[in-house]
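Engineer: Got chain R sorted already, so can you dock chain P onto it with the hints?
Just so you know, the protein sequences line up as chains R and P, in that order.
Going by my numbering, the first sequence opens with residue 1, and the numbers climb by one from there.
Going by my numbering, the second sequence opens with residue 1001, and the numbers climb by one from there.
Hints are computed from structural coordinates only; laboratory data are not their basis.
Keep in mind that this is a model prediction, so the values were computed, not measured.
Errors might be hidden in some of the hints.
[As the list claims (entries may be wrong)] Between beta-carbon pairs, the in silico distance windows are:
#1 P:1066 to R:372: 42 to 50 Å
#2 R:436 to P:1173: 39 to 47 Å
#3 P:1272 to R:119: 55 to 63 Å
#4 P:1173 to R:21: 44 to 52 Å
#5 P:1173 to R:382: 34 to 42 Å
#6 P:1306 to R:342: 58 to 66 Å
#7 R:548 to P:1156: 35 to 43 Å
#8 P:1306 to R:346: 49 to 57 Å
#9 R:66 to P:1118: 18 to 26 Å
All residues carry an ideal CB built from backbone N, CA and C; glycine is no exception.
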Amino acid sequence: MTTSAPRAAAAVRPGGRLPHRSVWAVGVLAVLVVGYAALHGAFPFPSGLDIGLSPRLDAAYQWVVHNRDVSPLFLYGFNYISVGLGSLVTIVDNLLTAFTWPGVVAVGVVVAGRVAGWRMAVVTAVAFGLFGVLGLWDDSMTTLALMLSSVLIALIIGVPLGIVAGRVDRFQRIVTPILDFMQTMPSLAYLMPMVLLFGIGTPAASVATVVYAIPPAVRITALAIRGVPPAAVEATTSMGSTSSQLLFKVRLPLARRTILLAVNQTIMMAMSMVVVASIIGAGGLGDDIYQALSKVNVGTALQAGLAIVVLAVALDRVTNAAGRRTKASAPRTTWARYGLPGVGVVAAVAAIVVGRVALPDEAFPDSASVSIAAPVNDVVDWLQGHVGGATDAITRVLVDGVFDPLRAVLTDSPWWLVVAAVVALGAVLGGYRVAITSGVAVLLTGLLGVWSSSMDTLSQVIVASVLTIGIGGVIGVAAARSDVFAAIIRPILDAMQTMPAFVYLIPVVALFDAGRTPAAIAAVIYALPVVIRLVNDGVRGVSRTAVEAATALGSNRWQLLFKVQLPLARASLLVAMNQGIMMVLAMVAIGALVGAGALGYGVVFGLAQNQFGLGMCSGLAIVFLGTMLDRISQGAARAARH
Amino acid sequence: MNYRRGLRRGTALAMVVVLSAGCAAKTTSGADSGGKTVNIALNSWVGYEADAAVVSYLLEHELHYKVKLTQIDEQPAWQALDQGTLDVILENWGHADLVKTYIDQKKTIVDGGLTGNKGVIGWYVPKYVVDQHPDITNWKNLNKYASLFRTPESGSKGQFLGGSPSYVTNDKALIKNLKLNYQIVYAGSEAAEITQVKKLYKEKKPALFYFYTPQWLFNQLQMVKINLPKYTNGCDADPKKVACDYPAYDLNKIFRKGFTKTGGKAYQFLKNFHWTNKDQNDVAGMIANQGMDRDAAAKKWVDTHKSIWQAWIPK
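Okay, chain R solo, but in the shape it has when bound (with noise of 0.2 Å):
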């Protein structure tokens, strides 16, 4: 990275600017518990600012029950979406049946081997027989239609919207934060109006995973575009290209290995809708889960979150894989180029023919499927006997020490006071934009009618991530420090980021109790992988000529760690814990489903219950608080770079 040189620069500096700004913020934090002190419970939000959009979407909602049948807007709008995309879920789920199960293995390797490679092949050949084996077959495959035709979508919308905002800087301006939007209105909020508007089942299910998933494929693409150097733009520009000869030939080749990260991520967002979209009745993987929850069988829920996660790392190695490929790489023999794809493809449709012949039946053998569910049942029953009075213990300081005061000063303090002191942070931490920016937000979840859910909710988002940022910090630096501790917790952080949360909700729950304790465990362990692996990412990133000189000085390891590494790698420091609280924002929905109440309890009762103004006046609220957040964290992460 080339910002290595100026950030050392800014770091040996004595007496940066950051003790400086950070004593400001103590000061901030410090008044602001004397105003608690001193007022506390003596200015609620006062209900007169309420502007009432909760009473309006809740009209809007049965304007909509009672007019979906004879409005045009339905007969001739989302009526025609919703079949579309049930249709295409529909032939997709049925192309995999009809191929059979020796079928769908076939293609799958042959394609993979063709795309990313024999390793992959051999990968994904794994994956599918893990899905037979587990007893998942039919589910994994309704599953996998789901995901192939929503991606699809995403990507036919996404990459476009993407190229243009890779050229035009005023559209990535407008497009940046309808996508932050998107991303940080939590997936439980948009179910009810895509139930609304498009019907149950998989039409409803492929518009929330395709709205959720289409960021990371528009932003993704504009870096890619926009990082094509000038150089090669300018050379075929003078040699008299047109500006769609300069696209298809120059910029598109040159970007494409980012935009098929573009594709990669753009799926494992995709993924993580799995179970989200089995509440609305996709069916599939997210099915069995939900299920068996329902009659607290963990072992069974397990099984098929493991089957989630052996889906989400085989499609994230093989387009990993194949956007690593260069021309180089790749196979150069004729036979290699063409005869071995060409016996692949025979082979495949051999494959599907005797498949069909052979078995009329189209399911996996049952005979050769193991159940992994009651050993796992009995090692959950096995902890909760066992280690109970010490989560008690964790659970009651962790109640009484930290959420109950935090959550006091939050949400008995003056109001004017707290808002006072986001745009003080934000001022100190970000300057007079982000002071701005997170003010209004903050002031926000209050005009929407619910600031004191927003502010326990962001008590315990507080609580989660600095927990989150703590324990990834170390693991962070512990795995930049051992590449043998990198290589074994690999695994462990993909399927701690791809297992759904409503796996290892319960157990959870059966440790330490219904509440905000599980609700932010659960929280943690959903963030730790992004904020270690970019801690890991940060410190492995600090130039190795820093370290030899202070190593030739004579620092220790230790040393070397907090006088060299870490002030090194401030910046990507920073950027992990900004990732690390949008992480934990993410899972406030969830956190919900195991007593977390607040703003997390109004979208899942909203969606439950028909109350549409507050399910979605409380995810609009959760927007502004991941804002808000952002927007500091960011700032503060800017501040540090300079």
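Structural biologist: Same frame as chain R, now just chain P:
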């Protein structure tokens, strides 16, 4: 050269797609000729799943229909009936607001008659709590015992554990209007609530929580209902002013209106479907406690209760 390779690859891909689409088309048409499909909502509690299991088993094996079960929450299920995606809800718990919107006003949905199951919603404590404090079953004594139920989450008050956010509930209003010194902790999902109750039960600790019958957990744990002020007709009319117990629910079936006209024998069968709490609990117990497959549990019940289900089959 690049172009030619692309062309060749494209041709190969197109061939595969055409070939497989042909197969797919054949499969779908084949499936359709086998019989009509009944689309049934599958709500998340196990009692409902027991209904769905037996009904689908009989529809498939006796009447030769295809059944598609769609996992969905209660409220979206009503919308799906309105939108025509689903045909039937097998076990409905009241929902006066939805009845008003869709049955009375829009007239797209109709009441499908009773299932025979009686639903009870209420506040429960484990039996060992009642053994120690017999007078706790009267709601007037709840405040006396509030400190028993204290947890870190409920602070200085007693903890009342709420149920799934998708279920019918007046708990917040009840606590306020009966002036109870309790704090609702929203378990947030049925799974979380049951996990929590089971944990407290194992440790023989006090617990006060929202629950309902018929429910499979009653086969595992002994729980006693608290007597809240008696339900009288209309005492729960204003959700904010409720200060009485939940009504007894006569659970009913809900049909899409179009289904009553085109549903044929499947409709007749579902209309006739009627059984007891014990029947449902037997099947639900097999599914939840013995870990049996939905179909296997249905088969076992069907094989031994012919006289009951014979009456449902339309002549």
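Engineer: Next step is simple, just say for each hint if it's right about the structure.
Structural biologist: A quick look at each hint next to the structure:
1. P:1066 to R:372: 42 to 50 Å: Once the Cβ atoms are compared, 31 Å apart, the range 42 to 50 Å for residue 372 of chain R and residue 1066 of chain P is violated.
2. R:436 to P:1173: 39 to 47 Å: This hint holds: roughly 41 Å between Cβ atoms.
3. P:1272 to R:119: 55 to 63 Å: holds, 59 Å
4. P:1173 to R:21: 44 to 52 Å: holds, 48 Å
5. P:1173 to R:382: 34 to 42 Å: Holds: the Cβ-Cβ distance is about 41 Å, inside 34 to 42 Å.
6. P:1306 to R:342: 58 to 66 Å: holds, 59 Å
7. R:548 to P:1156: 35 to 43 Å: For residue 1156 of chain P against residue 548 of chain R, whose Cβ atoms are near 60 Å apart, the range 35 to 43 Å is violated.
8. P:1306 to R:346: 49 to 57 Å: Given range 49 to 57 Å: holds, Cβ gap about 54 Å.
9. R:66 to P:1118: 18 to 26 Å: Distance hint for residue 66 of chain R, residue 1118 of chain P is violated at roughly 33 Å.
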